[in-house]
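Participant: The lines below spell out each chain.
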Amino acid sequence: MAKSHKPVVWFPFAAGGTVIAFCMPVIVLLTLLAALGHAPAGLDYQNMHVFARSGLGKLIIFGVVALSLWSSAHRLRCTCYDFGLRADTLAATVLYAAAIFGSIAAAVFLARI
Amino acid sequence: METISTDVAIIGAGGAGLRAAIALAETDPKLRIALISKVYPMRSHTCAAEGGAAGVIKPDDSFDMHFDDTVGGGDWLSDQDCVEYFIHEAPKELMQLEHWGCPWNREADGSVAVRPFGGMKKQRTWFAADKSGFHILHTLFQTSLQFPSISRYDEYYALDLLVDEGRCQGVTAMEMRSGELRQFHAKAVIIAGGGAGRMFPFSTNGAIKTGDGMAMAYRAGVPLKDMEFVQYHPTGLPNTGSLLTEACRGEGGILVNKHGRRYLADYGMGPETPVGQPQLKTMELGPRDRVSQAYWHELQKGNTVTTQWGECVLLDMRHLGEKKINERLPLVRELAEAYLGVDIVKEAVPIRPVVHYMMGGISTNTAAATPLPGLFAAGECACVSLNGANRLGSNSLVELLVFGRRAALSAAEHVQGLPAANAAALNAQAEKTQQRIGELFSRTDGSESMSGLRKEMQLTMEKNVGIYRTEEGLQEGVNKIHELRQRYRRVKLTDKSSVFNTDLFQALELGSMLDCAEAVTVGALARKESRGAHQRLDYVERDDKNYLRHTMVHHQGMDSPRVDYLDVVITKSPPGVRDYSGDHK
Amino acid sequence: MSRRPLVRECPPTTWYFRQPRYMRYMSREITSIFVGAYCVLLVVGLQRLADGPMAWEGFLLALQSPASIVFQILALVAAVYHAATWFNATQKAMPIQIGEGFVPGKLISGAHYAAWAVLSLIVLILAGVF
Amino acid sequence: MTPLKERLVQLEVLRYNPDTDTEAHFQRYEVVCQEEWVVLDALNKVKADIDPTLNYRWSCHMAVCGSCGMMINGEPKLSCHAFLRDYEGVIRVEPLAHFPVERDLVTAPDDFMEKLKRVKPYMIPKEKKPISEGEYKQTPAQLMKFRQYSMCINCMLCYAACPQYGLTPSFIGPAALTLAHRYNQDSRDGGRAERQEVVATHEGVWECTFVGACSEVCPAQVDPASALQQMKITSSLDWIVEHLIPGGKP
Ligand SMILES: Cc1cc2nc3c(=O)[nH]c(=O)nc-3n(C[C@H](O)[C@H](O)[C@H](O)COP(=O)(O)OP(=O)(O)OC[C@H]3O[C@@H](n4cnc5c(N)ncnc54)[C@H](O)[C@@H]3O)c2cc1C
Ligand code: SF4
Ligand code: F3S
Ligand code: FES
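Chains as they are written, first to last, in this note's numbering: chain A, 20 to 132; chain B, 2 to 586; chain C, 12 to 141; chain D, 37 to 286.
Don't read these hints as lab results, they were simulated from the structure.
One thing to keep in mind: the hints can contain errors.
To be verified - Simulated pairs of lysine-lysine, DSBU-like, Cα-Cα distance not exceeding 30 Å:
(1) B:K464 with D:K162
(2) B:K325 with D:K41
(3) B:K456 with B:K481
(4) D:K162 with D:K173
(5) B:K31 with D:K173
(6) B:K259 with D:K41
(7) D:K173 with B:K93
(8) B:K433 with B:K464
Please take these sequences and the hints and turn them into a complete structure.
Facilitator: Structure, rendered in structure tokens:
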């Protein structure tokens, strides 16, 4: 048995899990406020645009989105297996591809801002 | 019947068996080793040992002191050449275990720590919290995994030795999961089958300690030595018999009766030492036989505490404080809490003496050899005459190592240049075992229930061969066990299946225990003196003139066994007085 | 007659009904569906942000649909549940030994909770919620 | 003297005898027990007084030999440490999950035994030295670093609890991996690289999805889940060193 290359996917999963834990609840809270019609000032176009245009802002946004996507994709892959879906390679390919695609999209959009 | 050819067959994979296997593998990697055990190695009862293992290591200690403690503790029934060998090997073996990874407790500077123990004049007991035996067993088992020459036969129940041309040449064993009998043809056999405490109803011993190894050798003509010396441990839980290690007292726990008196002071172990400052070989750190006997006297005087589990005395450890208890006696705390509902940090625990260890066993010499060529024995099943009339706590675990290894060296030497076995003769013998089992299965007129016989045996042993013994009681015990052995021939199997038939194994174990029980009772009746763990109310004094000798009990089929004696080897310590009062220096 | 061991399979699609702790595990794992979906929402939001003020306003407006509200509530629950399980796990993954003893697990997890609260508060303040 | 409280206990025990049965079935027993007894005591009473054909393993009756693991009301437990006082109604007793059943409550632990061997759970010393040179020094702090992981009694409850082992039997599993960790963490040992050959494979730590059930059922507080998560982190760091740092050796 050769050593596994699992760390390639597991490390970003673990990093993403941490990012989700720390950041996601508050981000969802913000958009939920917006959804309830109480959008905080920070979500105004002006403010968001300034934030997303700064280098640091871009980095933070991309980091959060990409790592969270990856982490979720990886966990979903395991969950598929847990639910009895034995086509693990297929699940992995589809989900990781989706995560990568999402990340690239995020990068492209960020670049356009 | 399938035949398995090997160089050395080891029966038992507890501490002694595993140590022997490793020693053989290290001595000569070409030797084929069959390690046969009725349980997976890590289930062996060595795992239950809590307190620790004795070996001289600290600068204030000396071999002479360990020698004196062992010989005196054994009431001068130990063979002194054997003790001499043992004490010198002990530290080496414990160090070897350290090198194999045993998690011994440590001093701040990283060296191995030792603790005080009953009957020892110096602190010399190596320990791994209160799971010393557990760690020793698992360290040995795990170490053994690296040797390809050790073939394990786990859950094989060994039945009979194969003896031809006056040499032991193998053993028959049943694979428990298939019920198939196998014969092991071996140039040498080492028995490491453990003790036989299950003869008694109330014991610290696990269910597997049924004396199979002793009985096997005994039936093959090897005498059992000093079987009447049965050790009671003073501190067992009154309901399950689970042991609260001697380390409870080593760390400073005290024993009190219902009046709160530290009664040991009344039985030659005083004067009282200050609470929480245990003094070696005094009061609570007296030897097991004395401390257990003191309980009996307290019981007679009505000084015991009546609990729902019977008459008890109290073991008080509250003054040690929670921190020390958690650090040094975590298992004790857990056991008392779980099985008795007593938190030792807050309450004194009711305890009573419980059968613990067999000083006697298969007669071996210092080379771990039995009188039957090719047969070696080590561990609790053997009586190499280290422990004499009373084993000191923490000498046994080391005995497993020292004599497990010694048996291996002797066996390795024995197998050199042996002629090929006469397979036909061995086959014929194995067939006999086959028939014996077959007969047990096909017996339809069996009238005796196994659990019934077992209960009668246990009650007899408790009643007639307990802490204190009398001529009358012993005679009754001898008669009763003899009767039970006859009745055992009509024991009936309810379960006739082939796979993992524990009804069958319990029946076979009962047979072993009855054989051992007969040796115990007969030996005890014949020994008309009081020495160590053998205390007679009708012969209260030690009688060195007549009984400074080992009892040798020889199997005589269904007849009563024959008893003769063997002189004790005395090299430098003439019999003296066992002094456990505070005055000894 | 001989051995014929009975193999009792672990049912691959329904095993998690066997023990409550398996259900707890599965709920933790399932949070990833909501978190993942929410990430997609974030990417869409980025796109809208890139498309200009009108698009962004439209995005914020679209968030107010009932379906979106329900989804975000679920996503919030999932995110919080994830966070709790994650912080509780830190003490297992990263035990800290000081001398002979270990830092109590509760302390390690607790520190994470505290950091989480502080971080969330800062974000809320920066976002102008208060 | 407080009298012993007695109680009529109903047991529902899974029975299977390969000689006669094609399938397993439950059998009901009623035994009078003492309130403070454990399930094992009840089984012993059944075997002695009611049904000698009932089969199960046990020895120490003090939760240290690891032989008496069973599913009790669906939960992996040592039957000598499962107190009747904690149960009401009918108590359902089954053999340990995820292992083939030889007979009644007796399972075949072969797979576990083989895996144990594969992780090399023995000292591979950093530097060998003869016994005569004395002990390898180890401070109490260094001892505490691995002591918890050396407490495993090999009872296999964690295997019966871990669904990933049930679903993917090739998984090395919690206890064996934890023993590898035990030696890796031992200051005297230098065998980690060898053990990684097994630990860092797919069948090693990577099959674990941190269900955590192993640690919840462990009767010896070994906390295998913790060991496995730590091993995932160190194995990942190894991978980075090995693949991303030129000439890097873990
Ligand atoms: C509760 C307790 C605490 C103790 N504490 C201490 C202590 O602190 N210090 C100390 O020095 N000593 C202690 N002792 C004593 C010591 O632990 C034992 O004497 C010792 O462990 C016995 O080891 P052994 O290898 O001889 O036998 P065991 O470990 O009992 O092993 C016997 C082996 O023989 C096998 N076997 C038996 N019959 C058969 C058969 N028919 N076929 C195949 N295999 C068979 C078994 O499977 C087993 O593997 C304690 C004992 C007990 C019970
Ligand atoms: S880790 Fe715990 S549950 Fe698993 S085998 Fe070891 S002691 Fe048993
Ligand atoms: S239950 Fe199984 S999945 Fe991992 S944390 Fe324990 S091994
Ligand atoms: S009987 Fe030994 S662990 Fe239960």
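Participant: Check each numbered hint against the structure and report the violated ones by number, ascending.
Facilitator: The structure conflicts with hints 1, 2, 5 and 8, although it agrees with all the remaining ones.
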